[in-house]
Amino acid sequence: MAMNNMLLAQLMKDMQDPEMMREAQQMMQDPAFQAQMKKMMGSNGFQKAMTKTKKEMQDPEKVKDMEKKAKQAIEEGNEELEKLEKIRKEQAEKAALESKDKGPEEKADGDDRTDDKPAATEEDEVPDIPSLNLN
Numbered sequence: 001m002a003m004n005n006m007l008l009a010q011l012m013k014d015m016q017d018p019e020m021m022r023e024a025q026q027m028m029q030d031p032a033f034q035a036q037m038k039k040m041m042g043s044n045g046f047q048k049a050m051t052k053t054k055k056e057m058q059d060p061e062k063v064k065d066m067e068k069k070a071k072q073a074i075e076e077g078n079e080e081l082e083k084l085e086k087i088r089k090e091q092a093e094k095a096a097l098e099s100k101d102k103g104p105e106e107k108a109d110g111d112d113r114t115d116d117k118p119a120a121t122e123e124d125e126v127p128d129i130p131s132l133n134l135n
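Residue numbers (our numbering): 1 to 135.
Simulated from the structure, these hints should not be mistaken for laboratory data.
Possibly wrong hints are sitting among the right ones.
[Said to hold, decoys possible] What follows is a list of derived Cβ distance ranges for each label pair:
no. : residue 1 : residue 2 : range
1   : Phe46     : Leu97     : 45 to 53 Å
2   : Glu79     : Met15     : 12 to 20 Å
3   : Lys54     : Gln91     : 44 to 52 Å
4   : Lys55     : Glu90     : 41 to 49 Å
5   : Met50     : Met21     : 42 to 50 Å
6   : Met21     : Leu84     : 20 to 28 Å
7   : Lys83     : Asp14     : 16 to 24 Å
8   : Glu67     : Leu97     : 40 to 48 Å
9   : Glu61     : Leu97     : 51 to 59 Å
10  : Pro18     : Lys94     : 33 to 41 Å
11  : Lys52     : Ser99     : 52 to 60 Å
12  : Thr51     : Ala96     : 47 to 55 Å
Being a predicted model, the structure only gives us computed values, none of them experimental.
Glycine is no exception: its CB is placed at the ideal position from the N, C-alpha and C atoms.
Can you build the whole structure from these sequences, using the hints too?
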């Protein structure tokens, strides 16, 4: 559940990013994306979920409960994102220190890495995201 909360929190942050929203808009204009969405929206599972959600949204108590759960999930997700960012920073600092500590002769003894690494591609920076089955 923590992973889903973290993804939800990241989504909420991304929705505040104008560049990210422009990219999403471009993606939604893609005919292949539109065809996939049409297919998904026509599925029985989606139709049942929408009917259930519509019914639940008519009950003010259920809406209040859903809002409370969503707010809590986002807060938990933000905490997890902060922890993850802290770990990443610590690992980067540790790697930088280890790299500084290694002399040129130590690097030659089995470490084939060079400082002339190619720039990370956008593909390298995208984390693996598990399939989110909402049914």
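Outcome of the hint check:
1. Phe46 with Leu97: 45 to 53 Å: holds, 51 Å
2. Glu79 with Met15: 12 to 20 Å: 19 Å Cβ-Cβ, so the 12 to 20 Å window holds.
3. Lys54 with Gln91: 44 to 52 Å: holds, 45 Å
4. Lys55 with Glu90: 41 to 49 Å: For Glu90 against Lys55, whose Cβ atoms are near 47 Å apart, the range 41 to 49 Å holds.
5. Met50 with Met21: 42 to 50 Å: For Met21 against Met50, whose Cβ atoms are near 24 Å apart, the range 42 to 50 Å is violated.
6. Met21 with Leu84: 20 to 28 Å: Hint holds: Cβ distance 23 Å, inside 20 to 28 Å.
7. Lys83 with Asp14: 16 to 24 Å: holds, 19 Å
8. Glu67 with Leu97: 40 to 48 Å: holds, 45 Å
9. Glu61 with Leu97: 51 to 59 Å: holds, 55 Å
10. Pro18 with Lys94: 33 to 41 Å: Hint holds: Cβ distance 34 Å, inside 33 to 41 Å.
11. Lys52 with Ser99: 52 to 60 Å: holds, 54 Å
12. Thr51 with Ala96: 47 to 55 Å: Roughly 54 Å apart at Cβ, these two residues keep to the hinted range, so it holds.
The structure fails hint 5 only (numbered hints given earlier).
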